[in-house]
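Chains as they are written, first to last, in this note's numbering: chain G, 2 to 607; chain D, 63 to 264.
Be careful, since some hints might not be right.
Result set (EDC-like, lysine to aspartate or glutamate): computed pairs, CA atoms no more than 20 Å apart in a straight line [what the hints assert, rightly or not]:
id	chain 1	residue 1	chain 2	residue 2
1	D	K206	D	E92
2	G	K569	D	D198
3	G	K179	D	E201
4	G	K179	G	E492
5	G	K322	D	D250
6	D	K179	G	D578
7	G	K329	D	D191
8	D	K180	G	D578
9	G	K318	D	E201
10	G	K602	G	E198
11	G	K157	D	D198
12	G	K177	D	D191
The hints are simulated quantities; they were obtained by calculation from the structure and are not laboratory data. Quick caveat, the model's predicted, so the values are computed rather than measured.
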Amino acid sequence: MTDTPAVPTDGTDPPARPNDAPYREITFSAVVLGVIQGAIMTASFVYIGLKLGFGLSGSTVAAILGFALLRGVGRGVLKIPGAGSIVENNINQTIASGINTASAGVTFTFPALYLLGLQDQIDFKLAILAAVAGSFMGIVIIIPLRKQMIEIERLKFPSGVAVATILKSPGAGAAKAKRLGIGFAVAVGITLSTTYELLPETLEIGSWFLEDPETAGGWSGILALGTSLSLSMANFGAGLLSGRGGLAFAVGGVLSWWIIAPFIVGQGFIAPGPEGVLPTGGDLWGAVYFGSLRPVGIGVLIGGALAGVVMSYPALKGAIKSLRSAAKLAKQGASTDELPPKILVFGLIASFAALFVVAFLGSDGAIAMALSVAAAGTIWLGLAGLIVAQATGATDISPLSGLALIAVTLMLALTANNVLLAVTIGIAVCVATNQCADMMSDLKTGHLVGGVPRKQQLVQFGVAWVGPAIAIGTVALLWAGGENGTGGFGEGTALPAPQAGALKGMVEGVVQGNAPLDKYVAGAVIGGSLALFPIAGLGVLIGLAMYLPFEITLGYGIGCVTSMLLEKKLGRRFYGDFIVPVAAGFIVGEALTSLTITMVKLAGGS
Amino acid sequence: MNPMKLIGFLIFVAGLTVAGWFASYVPRGEELVGLARIKVWFGQAGVWFLLGIGAMVVGGLLARRANKAPAASDAGGDKDGGAYRGGSGPKHVLALLDEIASTLEPLSASGLPEGSKKLADTLDALLADTVPDFLDQRELLIDKLGLETFAEMIGHFASMERGAARAWSALTDEVYSEVEPSLQKAKDGIAAAQEIARAALA
């Protein structure tokens, strides 16, 4: 790093002198590249979501492309001094992934309207307005939550750390780059092996001890059936990065699948099969997971988040006070990293107004209903934002579909089963929560590379409307791509839309009165009580553990314990120098390999 | 873990287990729709569920009370041959803040680009070693400062972290004009954090 550019004597252009240039952060090229990447990813990932039922984060892809294009082309080819700086690339990936948040938010909800046969009643302007309101609201909620989660609670945000590791790699030294490469290579190898069935995606550890898993029953049957381990290296890597901070999540998985599940099966607490006999094998697992643990987990998430707001009220107050102090300093001409709290107030009011307009027009002018829907929607958006911020901060996992499910259930209750309106508000909630998860992760990246949060949030505000419009337009286009311009996705087509199909089933269940309200209520009471124990975010972590199958929590937990043992034995420096780059390699390697395989498969028509 | 906290923890986990068992109970009966489902579930599993919740409340409050006792750091010593960092208490916290401030104080961009590697290494060590040592004292600080003051103090501390990280990034990007203002921001942040911590802990 001791280059002193000299004027060449061979007639070639002099090299750029980056050390004289201003530090590039928000630049035209970063914004344009971010918007283009975000737009392409949104349309592509909507397609993938309808085809495969899962969403993809764009941060890692955008960060790597940013290096190639902003730094490689900008600095190397176009000779722009200082192009592709670390913080400029942070802005690029913030924009790209921020736009892409709409893909999962819309794909999990909006297509359900088509599957429910309501396509002729869809008001696209209202759907887009709801999604855009959600997108803005997601950023607004983050203003105080950033201080709460990143600065005060110090959550890990594993994906944010992984992206920061990529961004910092040019200056991190050869050893760390090598470790990042090793982690990447291992993840690529394992992901390819599981995709092409050289290795199973999940090790059914418990089933190894069963003679016939399909006839296994009773408490020992569910203990064995529930014990499995995902071979996802990203999941293991997230556990490695979280260390002790994520242990409560792993303990929640153990509690759910090794203590609660065997007891409730042994005592016959679960729903019996059609002939009054307790199910066995896969049906038993499904009855325990879908009938008990998952709905209780959703309740725990909600209760834990609500109680968390109450318990951390002084910290939130302190966070807002410090935002106010920063705003005062800014008025006196000092530079500040923070957006002023009045944007939070303005954003909440604007979001309420947008949801009110959607509800008012969607309910044919019922003012009282529209007011209650807008108020409940805004409050739920805030709470759901808090839940995903805490969940992704500690574990990298966002319970998006569960939160959308509760939003739609709530809205169905408030609108006397107006499905069209309930799902439309559900779009806003789903987009907002995904926006929260992504924005928090990007802000964590920014924190680690020295980005300015205010700048990241401002660019995100500037492009928040882009993703929803593209995502909704893509869904409409794909629907029209079917025979006779209709039926382009859903069961029996090449795009089965699994998440929207699940939402459709849930909506039909709620309309018929079959929602497991008892589980939600009991879970919420447990979640509220969990907040009494002096571990921040415990309710959300335990709720998330109940909400997920054990294969994920177990893999993550092994990562946490491994990280703790290594750090204890080899010291803190080892964590930063070894665990962080290797784990980042795991996360990035799996994300990029999965994306590539998916694209290749889709291009090949399989 | 002190005995009261351990007892609180055990009661809490026992309560959570019982509450989890009975929350998972699927109610039996005809026409279990809407609110009727909650009523029937509560009738069949409510007593045990509430017992579990009661134990969680008692255990949680005991653990919270135990936590109010002087927090002791469980951080181990630095195994990399650096200074032993296993201390705790207000004096230790102030000493760590002083250490960060004194590390930052002499740093300057005036000798760049020659000294850039050394400067980047110093910042790297600060962010990788000393900052986490300070953050290990989080519980103690919350206890002593209260959440609201802690939030204000840690906001300034985070500003220091961002400043130091930005200086490191600017060094890596070889944009040396950005290094000095970033270092200054880090120095201002730690000074403000020190001021709040001193006022509360001294």
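Okay, the hints, checked on the actual structure:
1. The suggested pairing of D:K206 with D:E92 is violated, with an alpha-carbon distance near 56 Å, which exceeds 20 Å.
2. The straight-line distance between the Cα atoms of G:K569 and D:D198 is roughly 14 Å, inside the 20 Å bound, and the hint therefore holds.
3. The suggested pairing of G:K179 with D:E201 is violated, with an alpha-carbon distance near 36 Å, which exceeds 20 Å.
4. Of the supplied pair hints, the one linking G:K179 and G:E492 is violated, its CA atoms being roughly 46 Å apart against a limit of 20 Å.
5. For a cut-off of 20 Å, the pair hint linking G:K322 to D:D250 stands: about 19 Å separates their Cα positions.
6. Note on D:K179 and G:D578: the hinted pairing holds, with a Cα-Cα distance of about 17 Å set against a maximum of 20 Å.
7. The hinted pair formed by G:K329 and D:D191 fails the criterion: a straight-line CA distance of about 33 Å is larger than 20 Å.
8. Pair hint D:K180 plus G:D578 holds up; C-alpha atoms about 17 Å apart against a cutoff of 20 Å.
9. For the hint linking G:K318 to D:E201, the alpha-carbon distance of about 18 Å falls within 20 Å, and the restraint holds.
10. Between G:K602 and G:E198 the alpha-carbon distance is near 15 Å, which keeps this suggested pair within the 20 Å criterion.
11. A hinted pair counts as satisfied when its Cα atoms are at most 20 Å apart, and G:K157 with D:D198 qualifies at roughly 14 Å.
12. A C-alpha spacing of about 17 Å is found between G:K177 and D:D191, which places the hinted pair at or below 20 Å, so the restraint holds.
Hint check: violations occur at hints 1, 3, 4, 7; the rest are consistent with the structure.
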